[in-house]
Amino acid sequence: MSEHAGWPIAGTGAVSAIGRSPAEIFDSLCTGTSGLHPMRGFERSYYTGDRLYEIDDRGGAGDVPGRATAFLLDAIAQALAEAGLDERLGDIPVLVGTGLRELRSVELWARGGVPYSAGELHFGTALRERFGATMTHTISNACSASLYALSMGTDLLAAGAETVVVAGVDAVTESMVGIADRLQSVAPDTVRPFDRNRMGTILGEGASAVVLRRTEDPGRPGPGRVRGVAVNCDAHHTTAPDAGSIAAAIRDAHRRAAATPEDIGLVMLHGTGTHANDAAEARAIRAVFGPAPEKALMTAMKSMTGHTSGASGLHSLIVALRAMADGLVPPTLGLDEPIEEAGEFRIVRDTAAPADLALAQVNAFGFGGVNAVALVAGRR
Amino acid sequence: MSAVVTGVGLAVPGAPAATDLTTHTAEGAAPVDPAARIGKKGLRYLDQATRLALCAARDALNAAGLMTGDARLTATGGGAPAVAAELLVPAESVAVVVSSNFGNLDSVCEVATTIAADGGTRLLSPVYAPRLSSNVTASEVAIRFGLRGPNLMVCNGPTSGLDAVHWATVLLSGGRARHVLVVGAEPANDVVRRLTGHEHPLDGAAALVLETPAAAAERDAPVLAGLDGYVRTGGLAGCISALGGVPRAWLAPRYAPADVLPGVPRHDLEDRWGPASGALGVLQCAAAVGHFAAGGSGPVYAVAGTDTDDAVAGLVLTAPGGVVTGNGVGRA
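Sequence lines, in order, name chains X and F. With my numbering applied, the first sequence covers 1 to 380. With my numbering applied, the second sequence covers 1001 to 1332.
There's no promise every hint is true.
[To be verified] Okay, the calculated beta carbon distance ranges per label pair:
#, chain 1, residue 1, chain 2, residue 2, range
1, X, 90, F, 1264, 23 to 31 Å
2, X, 337, F, 1041, 38 to 46 Å
3, F, 1199, X, 23, 46 to 54 Å
4, F, 1296, X, 325, 53 to 61 Å
5, X, 290, F, 1198, 53 to 61 Å
[Unchecked claim] To spell it out: a stretch of chain X is covered by chain F in this simulated footprint if at least three of its residues, at any positions, have a beta carbon under 8 Å from a beta carbon of chain F; those stretches are:
#, segment
6, 147-159
7, 228-237
[Unchecked claim] Some residues of chain F that are not near chain X, with every Cβ distance over 10 Å (derived):
#, residue
8, 1043
9, 1065
10, 1070
11, 1260
It is worth saying that the hints were derived from the structure and are not from the lab. Don't be surprised by glycine CBs; every beta carbon is placed ideally from N, CA and C.
Excised from the complex, chain F in its bound form (with noise of 0.2 Å):
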């Protein structure tokens, strides 16, 4: 067992909760309001995902009872900012991982757009000068929560949630950290919206707190779900017969046939929530909290990634349950 779930936080459309995300859909249902969630203050300069990356984080550190306090910020300017909340273990032992594939495009396009069109630089606010740089969310997660561990922006197309969760893993077996925030965060915007063709991409974000099992043990954090037997391969197929046995539920990347894993009941959350790009392993993970919650067994696989992708990566959930007891379900 590489990992337990100890935290989860969510910033979808028509999904309060982790349970909800494999019975509602983001249809008719009232975008997110950062400023509501998590404050006014702070959010003017920033983009969409990374607004929406901070409510799911913080909820989700919440959650893990890694930090008290709703974390608005109460003071700007010089240097960190102070924030309504306290981090109840050491700064330097919380990694964040963050993945978004489409986070910072809008800003990108609407800076170049503008000097080709004014023939200059003149016009450009210099609000977008962070945005720029993709890792602006990370960045952003680690400043606002205090977090000083390593900070590690994933854009991996679509299996970047996956592989997200499976470097929180590395950071924790390699000792570079003893919890780890992973959050998948994508934008709906006009640029997301041209480039992938689709009206209603997702516009939210989804968070996990990962620890070792004896890190979990020793602070008495909740386990909501186990990690194991992460794999990156060439097409669906291939990722299927990599992660090996038979599930009893998986979380289905969008498109899968139906003759792959047969008879074991499928979720395909882009189609309730829309295309999630970098978000959606990240929201697969925090599905399988909902199914583990509301009862399910394990072991449940999440897969992203489609035969015309660059490639497939999928990953074993296990129950909590199977997590304390350590009796390695989830590998065939």
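Next comes chain X alone, as it looks inside the complex (with noise of 0.2 Å):
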């Protein structure tokens, strides 16, 4: 099968601040619902910025170790139900893309109090405990890490393998909280992406997980086709975006789909709020697609969900599953007076917009210049 057709998606799972599924995050993104919140894990005095998209899972005493494995094994077991996958996966790959990895649990750890091992830092183990899966892989690819496994995922197929288990997850660290925190000067109300007033980003957390299969079965129609996925590095600078590196992605993802600008009806932004990426993501957006892009609709999905970092590139593409089955995009929050650079893109705001949606494109940048951009096709 050429990568043109597209890989089948046969399942989907998902969970984050706003949803425990991809049904109930894509219905709370198209009520507008934040899931922003007083910080539920960490001590809120010691921060200026005291707000964060956490999933609300702890029960009230204080923090707990586990908690992105848990979410990542709550993803991955809603996919292979949808699926209709044996929870037995054996040597069937599980490729996780991750941030921050288990580092909350090291975090607490490190201050005492609890136990940990080395064998819980990867995903592997609980991966082999829940599942029985053998053939499993942690990438920590920062924020593109989801999107990145998806690339790594599609070569596998390519070179045969039948079923691939694709998943994001992150859960927030108390050092990237702290560090972002002591960086700014003035901590972000929200997440305002592409919005002249933006003030940067806030961390949120959660997991997605999607089922690739070599051919489709015919008696069980998933949402959707994985048509291509491009992945490059700047090489350039370990915070600073370089548009042109990422316009190069977008244009290989475009080649790998054998699609053109025109083709695409939907693009789910990296949209994090930060001055850099959402002026560099608009600059290499009109690079490719140019202006004014007439026919695509943009959303950016961060400003209800946090930045769910690893897990982001696959929650976008999920959401944008969801957008094409049901017509429907979900709006930007937060974007009162758009950048100049995409002060002609058509970002969907305030409410969600009815479009009839055939191709997505979901974009997923991170630290250190690693781009991943995804062309993703509705059920047709």
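Starting from the two chains in their separate frames, assemble the complex, guided by the hints.
In structure tokens, the structure reads:
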């Protein structure tokens, strides 16, 4: 099978601050429900910015280890169930993209009182225990990790694998929140993607998973197809993104899917709400789509989930599948005055917009200049 | 034959050359001095695993003939660094795959404990910011040498180094890169000692350049070993049986029972160099290159992980002669 036809997606799963399934998350996004909340797991008085997009699962008694692992297992189990796949995975590859691994558990261990072992740092140990999976890979590729893992998954299918599970996961670490708090002179009030008055990003958490097949089960049509995934690296600067390199990744994704900008009905923006990301992302899109893309609607879901880091790329992809199935694009919150570079983009604001969509582009860019862009088609 | 090794670089105390990996030990060896190896400039704000990775990576790129120059930093600030080196192939054609489990743990723990001790973030040093993301080593390697292909950070437990080599071969066979720099790096520090319970973990890095046989032949690059037959299974016995056949030598994981591959010469690198975690698999491949360079025959198995870990990974390495004639000696 050529990559142009696309790899069938047989199941999806997701958890985030605004829902415990893809359907719940999509409904929250469409009704403009934000997951921003006073921080639950950390000591609020330590921080200027004391709100996060956390999953409320701790039960009120301080922080607990192993949360990222629990999110991951939840999302994968959902995806397997939708795909009708047995939970005993054996040698079916499971590729997990993550920014922060189980580093929150390491922090709790370092402060004393919580036992921890090196084997829990990567997710293979829990995946073996829960699903009997042995072909497991934890890829720590910052904020593009789950789309990077998706590219690796499609390469395994191209090399002959029948089924691949791809997932993304992150739980907020206190070290990352702390260093951001230290570096920001004013803490952002919320995530405002592509707004002139954006003040930076705020971390969220969650997990996302898809089951990919080499061939579709005719009796079980899935929600869509992965048409192509491009990955590259700026090799330029750890935190300053390179618009030229991002544009190259977008063009490569289009080439892999044999698509043109005119074919794309929806762009799921990376849209972190930082000055550097949103400006570079807008410039890269302009370079490929032109300054005023006529067809593509765009949206930035981090305005409601926060920056779910390693999980975010697949979060966006799963939302794109829902948007194409329901003919509805969730809005971007907090976007009052678009930045000049995105002034003529059709970014959905305020309320969800009905649209007939067949093909979506998903952007994910990470610390260190790791870029990943996926094209995904809806069920047709 | 999925890929060939065309360059090796080491930053291992007591092992200047790949042939030393199965004959010397770290005992009494002086630590690697990254500043002496690759210049002091630009190292100050990097974590130890990244410093070691840069040294090993530079040597591997030079050895493979992908780059000339010592890659010392000549100027910093603003955009990409100015480096005393020239890449001899297109930047987009070189991917980077780094394996490390413990690289940034000390930075994460330092920041988290400082916040708790001070009751706030006031005392945090901004230099820690980049180190809190686990992919800092892979991205710093790409930035220093200007490598713009796919960039992967593999943090996959005891098998991570062999897994990284596997993903390099996937990038090659999928056409995403023509050359892949693979690095395994681990630091020795108090956090790692506490977590692993070992007093002398490896403080070092190993690097390989992998290419398709065609890309290597086109450049007239030296072929040091061939790679074939990666497996990742639930246990040691299953791994050895999946690799098939009998190797001429094997790079064994710790605590491998004596009745596994009886009579086959075995090398337990962690016995010589200390627990190597994510660096082990890459170090094993470098040791296999040393084995072939010293006239040893193939195939050689590299195996990482034990029955108490989530999985055991194995890789077949073939002698360079076998690669050239393409006789597929590795698989039974």
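Quick rundown of the hints versus the structure:
A C-beta distance of roughly 28 Å is found between residue 90/X and residue 1264/F, which places it inside the suggested range of 23 to 31 Å. Taken as a hint, the range 38 to 46 Å holds for the pair residue 337/X and residue 1041/F, whose Cβ atoms sit roughly 42 Å apart. Against the hinted window of 46 to 54 Å, the Cβ-Cβ separation of residue 1199/F and residue 23/X comes to about 52 Å, which satisfies the hint. In this structure, residue 1296/F and residue 325/X meet the distance hint of 53 to 61 Å, their C-beta atoms being roughly 58 Å apart.
Look at residue 290/X against residue 1198/F: about 58 Å separates their beta carbons, and that is inside 53 to 61 Å. Check on the segment 147-159 of chain X: 7 of its residues sit with their Cβ under 8 Å from a Cβ of chain F, so the three-residue criterion for coverage holds. Requiring three or more residues with a Cβ within less than 8 Å of a Cβ of chain F, the coverage given for the segment 228-237 of chain X holds, as 7 such residues are present. The claim that residue 1043/F is not at the interface with chain X holds, since no C-beta of that chain comes within 10 Å of its own (minimum 15 Å).
Non-interface status of residue 1065/F relative to chain X is upheld: no Cβ of that chain comes within 10 Å, the nearest being about 20 Å off. With 10 Å as the threshold on Cβ separation, the claim that residue 1070/F sits away from chain X holds: the shortest Cβ distance comes to roughly 18 Å. Remark: the non-interface label on residue 1260/F is consistent with the geometry, its nearest Cβ contact in chain X lying 18 Å away (cut-off 10 Å).
When held up to the earlier numbered hints, the structure conflicts with none and fits them all.
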